[in-house]
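Given the structure of chain W, go ahead and fit chain L onto it with the hints provided.
Protein chains in written order, with my numbering: chain W, 86 to 410; chain L, 86 to 410.
Bear in mind the hints are in silico, worked out from the structure with no lab data behind them. There may be inaccurate statements among the hints.
Identical chains blur together in the list; that is why a pair holds if it fits in one copy or across any two.
What the hints assert, rightly or not - Below, a list of computed lysine to aspartate or glutamate pairs in the DMTMM-like style, where the Cα atoms sit at most 20 Å apart:
no.: 1; residue 1: 383; residue 2: 334
no.: 2; residue 1: 320; residue 2: 101
no.: 3; residue 1: 170; residue 2: 186
no.: 4; residue 1: 319; residue 2: 240
no.: 5; residue 1: 383; residue 2: 400
no.: 6; residue 1: 125; residue 2: 295
no.: 7; residue 1: 319; residue 2: 245
no.: 8; residue 1: 183; residue 2: 235
no.: 9; residue 1: 177; residue 2: 99
no.: 10; residue 1: 369; residue 2: 237
no.: 11; residue 1: 183; residue 2: 246
no.: 12; residue 1: 320; residue 2: 245
2 protein chains.
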Amino acid sequence: MYVNRIFAEKIGEELESRILPHHPENLYAPIDYMLNLSGKRIRPLLVLLGADLFGIKNIDDALPASVAIEYFHNFSLIHDDIMDKAPLRRGKQTIHQKWNDNVAILSGDALLIKAYEQLSRCPARFVPDLLRIFNRVALEVCEGQQLDMDFETSDTIGQEEYINMIRLKTSVLLGGALEMGAVLAGASAENRLQLYDFGVNLGIAFQLQDDILDAFGDPVTFGKQVGGDIIANKKTILYILLGEAIRREDEAYFAELLSLGEVDARQKIAGIITLYEKYAIQQKADTLKQHYTALAYKSLEAINIDHQRKTELYELANQLMKRVR
Amino acid sequence: MYVNRIFAEKIGEELESRILPHHPENLYAPIDYMLNLSGKRIRPLLVLLGADLFGIKNIDDALPASVAIEYFHNFSLIHDDIMDKAPLRRGKQTIHQKWNDNVAILSGDALLIKAYEQLSRCPARFVPDLLRIFNRVALEVCEGQQLDMDFETSDTIGQEEYINMIRLKTSVLLGGALEMGAVLAGASAENRLQLYDFGVNLGIAFQLQDDILDAFGDPVTFGKQVGGDIIANKKTILYILLGEAIRREDEAYFAELLSLGEVDARQKIAGIITLYEKYAIQQKADTLKQHYTALAYKSLEAINIDHQRKTELYELANQLMKRVR
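Looking at chain W on its own, in the form it has when it is part of the complex (with noise of 0.2 Å):
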């Protein structure tokens, strides 16, 4: 994973800074938790880059912003954790496992709380504009959740829903961050709008490999276990589309197939992946996936600044993009 070394240190010590109440415990202990699974930390470094694109004169000033985009993306996580019943989180239990769901829920709404604290914290000038942008994005965070889970209970999503429901739940925050550094540095509003599209079509992109690599990775090199998504019937891009392509005379197979469980989960992948060739589906999905890396791509030129200044954005999108199979 690329790394900005200078700029994650400083987001780690800023992180580590911020110490929370140790009272009352039980709402405090698990934000602390949560926060200490430590994961890429992606968006507050997003926040950051956006800052430093359009040359901001210090850049500690978009500390409190990417810790801000730090902290929501946690809360998401711990309430998403509760309603999709996750055991674990990063290889650790989760917080409504560990605790309970009340202290997950409320624990949750604080570190939300916590997260518009840091916005207060950002230069006066800038934070109305900054909310302006976390609540929409907040706000969409939300909507993707919710069709998310509306997902699981429905048959008739296509190719554009989904990825509709990938854009708001996943690839919005990522653009978010970018704009809201971008706008910290005084960024154009045209050139706030690019960065911002630059990162909802990488995180689209991002999304859609990450569906492939389930079935299409290298075991060895992809670091998840492969066939993950088949196993639990996950309606991911590559599920949809051979959903839209299947013809009639394979429908009792494939249906056959999702009926069965973990004990027969090798049969199953098998079963799966044959369909997949069959229909050309990792193709399919590998077009789409190079559409919104192309727009990715296509956005961040647009930028009207320095092509010097855009090394390290480029940098992120390749390491980001070109992911080991």
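What follows is chain L alone, placed relative to chain W:
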């Protein structure tokens, strides 16, 4: 209930003019449902009264902040109802009951974000200050809710801890609503603080009165079932004062009464009230209530502004504190 008609109408119109998106339905329909259960809307009124006290030029400038406060209040009710497993709210099914827990978690989150969206509509020069106040109060409300849940499983709560809990859970929001109004009218820091203290202390007094009325109110005028708290073993100020005052000879009897359920409701209420009378608990609680009422009036008096302007807040306080027994 005291109401400034013009302000109440403005708030009603403002709330109704905020049209929610229709999609995703499971995200927005519950919010719409909750906002239409329409409580007393005293919190948004406090924002306008706070702004009016200090002579805000255009009262409409305070409407977004008042809606923000009402949204926040409803968000906290939605999540509290999940945590308390409450089936009813204002006589209607709660959201987690009518839909499910996931819908209630996520629509609550969205409503909290929509509260911040309203803050971002406030006059830009006040946004940073309003955001700080709102965040501080919102976080305290979460702390209060956590303490309330912690208290359920603790037998060693003293009156100070209890009052601190109700201060956080319910009173700081009243103070914060008034304070935000004052900020919007450009009041001095000193005056803002006095007005905030007025709201907080009035809120504490009101909550203590509510506890007292549950046991000693007139069933005809109280509007709720008298003794409801007693049946539920709710840790009210009466319960806590009795726990502090009770002598060893009555402890077993108290414990026995606490173990009685719905079936023996009349016996339970009568028994507990006998103990309250034996230990003069009502008087002790009244003394506390009067202490906080006096603090509230003292803060209102201390506000450095023409006495005439305070008439509405005095009236509001009088009406809140002389609810019929």
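Going back to the hint list, which numbers does this structure go against? Per hint list: 1, 2, 9, 10, 11 violated.
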